[in-house]
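S.K.: Using the sequences plus the hints, can you model the full thing?
Chains Y and U supply the protein sequences, listed in that same order.
Everything in the first sequence is counted per my numbering, starting at 1 for the first residue and increasing by one.
Everything in the second sequence is counted per my numbering, starting at 1001 for the first residue and increasing by one.
In short, the hints are calculated from the structure, not lab data.
Treat the numbers as computed from the prediction; the structure is a model and nothing was measured.
C-beta atoms are modelled at their ideal positions from N, C-alpha and C, and glycine is treated no differently.
Hints should not be assumed to be uniformly reliable.
Straight-line distance between alpha carbons at most 25 Å, and here's what the computed DSS-like set of lysine-lysine pairs gives [what the hints assert, rightly or not]:
#	chain 1	residue 1	chain 2	residue 2
1	U	K1028	U	K1039
2	Y	K17	U	K1004
3	Y	K255	Y	K242
4	Y	K197	U	K1028
5	Y	K197	U	K1004
6	U	K1227	U	K1156
7	U	K1036	Y	K197
8	U	K1036	Y	K187
9	Y	K197	U	K1121
10	U	K1028	Y	K204
11	U	K1312	Y	K203
12	Y	K2	Y	K197
Reference listing, derived: stretches of chain U covered by chain Y, where coverage requires no fewer than 3 residues with Cβ under 8 Å from a Cβ of chain Y [stated by the list, open to error]:
#	region
13	1018-1026
14	1062-1071
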Amino acid sequence: MKIAVCVKQVPDSWAEKKLVDGLLDRAGVDAVLNDLDEYAIEEALRVVEPLNEGNDAPIHTITLISMGPDRATEAIRKGLSMGAHDAILISDSALVGSDALATSKVLAETIKSGGFDLVFCGTESTDARMSVIPAMLAQRLGWAQLTFAGALKVDVASSKVEIDRMTDAGVESMSANFPAVISVIEKINEPRYPSFKGIMASKKKTVTTKSLSDVGVSAGEVGLATAWSVVDDAAARPPREKGLKVEDAGNGGDKLAEYILEKRIV
Amino acid sequence: MTKKDPVHPFDLLDVQRELTEEQRAIQKVARDFVDKEVKPHIAGWYESSDIPVRELALKLGAIGMLGMHLEGYSCAGTDATSYGLACLELEAGDSGLRSLVSVQGSLSMFAIHEYGSEAQKERWLPEMAAGRAIGCFGLTEADFGSNPSGMLTNAKRDGDNWIINGNKMWITNGTVADVAIIWAQTDEGIRGFAVDTKTAGFQANLIKHKLSLRASLTAELVFTNLKVSDADRLPGATSLRAPLMCLAEARYGIIFGTVGAARDSLETALAYAATREQFDGPIARHQMTQAKFAAMATRLNTAMLLALHIGKIKDVGQVQPQQISMGKYNNAMGALEIAREARSILGGAGITTEYSVFRHMANLETVLTYEGTHEIHSLVIGEALTGIAAYR
Ligand SMILES: Cc1cc2nc3c(=O)[nH]c(=O)nc-3n(C[C@H](O)[C@H](O)[C@H](O)COP(=O)(O)OP(=O)(O)OC[C@H]3O[C@@H](n4cnc5c(N)ncnc54)[C@H](O)[C@@H]3O)c2cc1C
Ligand SMILES: Cc1cc2nc3c(=O)[nH]c(=O)nc-3n(C[C@H](O)[C@H](O)[C@H](O)COP(=O)(O)OP(=O)(O)OC[C@H]3O[C@@H](n4cnc5c(N)ncnc54)[C@H](O)[C@@H]3O)c2cc1C
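M.R.: Now the structure itself:
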């Protein structure tokens, strides 16, 4: 079985976000592997590791796929240290400013030629947070779409995957035959720390860098000029109003009730 | 008052500039581990004078942190600098945590790896690397600390077996260990044994009432006609030199570890001083506070440069015991002074477990003493400089 995990390098989520010409400033801050993509990698590892047990050379493999600047190899390296087998980075100056439509196009074209059975994604990136790439990928590839997975079971023999789709609305059981696109939520697992052996081994793993023409997408289909939306301006969220502190002098309950009624919370 | 963005003390001199990508990645994992698995709990462990050694050992083992710089037998096999950087991050959490890893990897596993038989290595090292087996290292006795050559614990041959009698004092992880490295006098000189702690005649008593290194288990070991096979003797250990070489290994980790405790103390004091207001402004604006910071940051960076320098020498396999002594001599005292100064900057808030500084300060008193006291290391350096040994 071949699994692809889509991973994005994002600015450290603790860093201050700045806009430069309508785009997020990525140069000035630490770049890390998107948190949620670690869960996707972990889940993919949990699928293939038992299958590879006892084999020196892995038969079932995980390929990381990332679209981003050359610097994204740092995030890729972390995924390889966790245990993914190899990686593809699509990097091209024409990609600057690409929106989700363009991103999904490039990722889908890359996935198409790879012979993958399953594609794992995080549910959202911590920077742009659109939470749309997995659905767009499924649509572009014409594959089944299993999103918001909080639990997952893969049966390789019958080429079937089952998930618990967990959303605010409840839990749905869904299943699909390969090939399928899966996005995972944080509940699904606890990602491992890269092991020191994994870190050392990752140096020897292959990261293939591809240009747009390598994946068969023309420069005119991507980049800032084709983006469907443009960020004109952005401002920091206003600071929160100071909360009300209720001292309980025997009438704390009444005061709370008053506050709730006043703010029409219920 | 004009204000620029503050610089991290390590960025001031760019001390980490020569670290490789791999070394940085290893340091980052250790740091993330401490942030997530240790910092939220450490104050509680410290107050209750307890630490979940087994649980932590399994997690540390999964990452490859136990015996990480040893080759083979499921050990990670990193370079010495990476090992140092991991110690730094662990001790930024707590010296007790770093002690756990030092005793496991550099004392117990190193002793077996360096002086053990093939059978001993295969029996213990993979289990210890995974954190499924815990080791302890028994050298010190109540009456023989700085001078272990006078130890009273003895082992007598009894056919193919040995009978061990005696006591050991201040033994880290003694109460939780699966294997104890025991050093004893024999008719042939000082010898070491890798003893299964389930063997009859082995007893460990927890030492209570410590005011330092509270997040670490310290024990007294009692051996009463402890009978072990000659196959449990470390065949490569033929004199006191063997345990002293193990100590040099662990001491190397302390050179980096103490930098971690110092860095965390300074970071805590800097953050506190930026927000604590007295006389209508942050205390960071006072010249006296800044003079303290300047001295602390300089001392911290000097300690880090010394650690990295010794790491480089160790990475090419050329490090000398007196170099490690100088590293420990400078860095343990330097860290202690930084922690004390940081404590003063936090005022009253500095004396509780809510902040790390007092804990580091109290821990570093142990670090100054174990693995060769500060005074003994000055004698090692003195001997190197003059050619005259002044221990007696
Ligand atoms: C006008 C405009 C300009 C923009 N300019 C830029 C820009 O210059 N640079 C920039 O980086 N972004 C830019 N963005 C944001 C960009 O559209 C999104 O980051 C990108 O399309 C992916 O969407 P997302 O991050 O919200 O993904 P989501 O749908 O939130 O991500 C879900 C999952 O999809 C996968 N995924 C997402 N992106 C990638 C990727 N690149 N590679 C591999 N897997 C991925 C991951 O598994 C992730 O967990 C811009 C957006 C707009 C609207
Ligand atoms: C928390 C903790 C954990 C420990 N863990 C372990 C462990 O796992 N395994 C182990 O074997 N040991 C362990 N030790 C023991 C530690 O190594 C000893 O405490 C240390 O070697 C000092 O011995 P001592 O305490 O007997 O002090 P002493 O040797 O009695 O020293 C007391 C003072 O006299 C000074 N002094 C002694 N000789 C001289 C001299 N010649 N010249 C000048 N000054 C001198 C010392 O520097 C010191 O200041 C641990 C100790 C502590 C506190």
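S.K.: Indicate, hint by hint, whether the structure satisfies it.
M.R.: Status of the hints after comparison with the structure:
no.	hint	result
1	U/K1028 / U/K1039	15 Å, holds
2	Y/K17 / U/K1004	18 Å, holds
3	Y/K255 / Y/K242	17 Å, holds
4	Y/K197 / U/K1028	14 Å, holds
5	Y/K197 / U/K1004	41 Å, violated
6	U/K1227 / U/K1156	10 Å, holds
7	U/K1036 / Y/K197	21 Å, holds
8	U/K1036 / Y/K187	17 Å, holds
9	Y/K197 / U/K1121	20 Å, holds
10	U/K1028 / Y/K204	20 Å, holds
11	U/K1312 / Y/K203	21 Å, holds
12	Y/K2 / Y/K197	23 Å, holds
13	1018-1026	holds (count 4)
14	1062-1071	holds (count 5)
This entry does not satisfy hint 5, going by the numbered hints stated previously; all others are met.
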